[in-house]
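Listed here are the chains, written in short residue letters.
Number of protein chains: 2
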Amino acid sequence: MKLFVTPASSFVRKVRISIFEIGIESEVEIIQTRWPHTWGFQTVPFRADFAEATPVGRIPALVTDDGIHLTDSSTICEYLNAEYGDYRLCPAVGAERWRILSVVSIANGLLEAQVARRAEKLRLSAGNPIEYSADFERKMLERQQRCYAALEEMAPSFGAAPDLGQIAVAAACGISDFRFADVWRPDTPQLAAWYDRFRERPSMRATEPQETPTEPDRVMPAAS
Amino acid sequence: MKLFVTPASSFVRKVRISIFEIGIESEVEIIQTRWPHTWGFQTVPFRADFAEATPVGRIPALVTDDGIHLTDSSTICEYLNAEYGDYRLCPAVGAERWRILSVVSIANGLLEAQVARRAEKLRLSAGNPIEYSADFERKMLERQQRCYAALEEMAPSFGAAPDLGQIAVAAACGISDFRFADVWRPDTPQLAAWYDRFRERPSMRATEPQETPTEPDRVMPAAS
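Just so you know, the protein sequences line up as chains A and B, in that order. Taking the numbering used here, the leading residue of the first sequence gets 1, the next gets one more, and so forth. Taking the numbering used here, the leading residue of the second sequence gets 1, the next gets one more, and so forth.
Hints were generated in silico from the structure; no laboratory data involved.
Label pairs and their computed distance ranges (CB to CB):
1) B/Ile-31 - A/Arg-47: 37 to 47 Å
2) A/Pro-213 - B/Pro-156: 30 to 40 Å
3) A/Ala-92 - B/Gly-159: 15 to 25 Å
4) A/Pro-129 - B/Ser-125: 18 to 28 Å
5) A/Arg-199 - B/Ser-125: 42 to 52 Å
6) B/Asp-86 - A/Ile-130: 46 to 56 Å
7) B/Tyr-87 - A/Asp-86: 17 to 27 Å
8) A/Ile-130 - B/Asp-182: 22 to 32 Å
9) A/Ala-92 - B/Asp-65: 19 to 29 Å
10) B/Pro-213 - A/Arg-138: 17 to 27 Å
11) A/Asp-182 - B/Glu-215: 24 to 34 Å
12) A/Arg-138 - B/Ser-125: 11 to 21 Å
13) B/Glu-211 - A/Pro-202: 44 to 54 Å
14) A/Pro-202 - B/Ile-130: 40 to 50 Å
For the chain A half of the interface with chain B, some residues (derived, Cβ under 7 Å), not all of them:
15) Pro-55
16) Asp-72
17) Cys-147
As the structure is a computational prediction, the values presented were derived from the model and not from experiment. We treat Cβ as the ideally placed atom computed from N, Cα and C, and that holds for glycine.
Can you make the complete structure from the sequences, with help from the hints?
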């Protein structure tokens, strides 16, 4: 199967951590995509195979050998967990399934707020600075802070084995460290202690964020 | 269980259609929330029970009697389908599950683009108009158009019985009609023919969008 990625995307990282935890690295062809910084506010040119993989035009996108196209990180993680992972990252049924997916859904809210903050900042650096809204960025930061506070309460219930909830949370903590100047650890000591252990896993070490490849923008010059 | 809603949200509508299709209206307490138009770019005041239900601060949010908190529409639909619907809206395993979830994930991309367009427009009418980005709105419209084109290809494969994919697509078509001046039917005749039949279902009739309740904004005057 083919997975379209960039190395800076935390939504991609959820999928890549899951691939390592399930142990199917050799089954997945990783295809890099490039994103000029104008992605924050404009449609950017897509490579043809990526455009064919997903009409949404976001990463990650998965295309399986039997032609299934999945175009959001949580559905891709569920697919890999069910079809390759024997449900080891989340049970198929029952209360533990919903406990884990409730963690995933809070982590996804946090990840979406981080992406929206990043996109808003790109109006300043790569777009039309007057279109930047400090209010909107603050709204996203406040959502992020509420999610971190909720995850701090939940961290003591995280199991000893990795699951889809922990994987999503780890991707969020990782991008806070990599992309933002956020000082999140002091307010969430239990979460920070959990994360600083979890990040030592081989699946985390193998997927540490790196800068997104860019390419010359065909629409307007990318300033940074 | 308690479901936090507004009558204009298409993400809420996915859940409410599912509730009607499963036949559990009497099991769900519907709690209205209010959203001043500043929601597009500011954190708005939350009622205490809603803040307790979800740190993300978005609707829908579900709180079950045994204390499960789910804070995104797709997870809530999966929960209701599994725990109350005997998987009639999506099988628990197998190829048909992934076919349906691939439709859901494209529809969700479309729904998110619609919400982002709406939020951007609110900068014009309720916020600081210079912060409006026509580029960003166009990016979201182009995503929406790509998703509609993909769904046009998929519509002939929609089954005779409703499923979570069709429900998500119907919510997207419905909000295009209700909220936007989008003329989508001419470019997607197969999808339009399907939707104009599907929208006659009692579950659709019972959940037609209505304007979101607003309240006096404590931060700045809402202009429209």
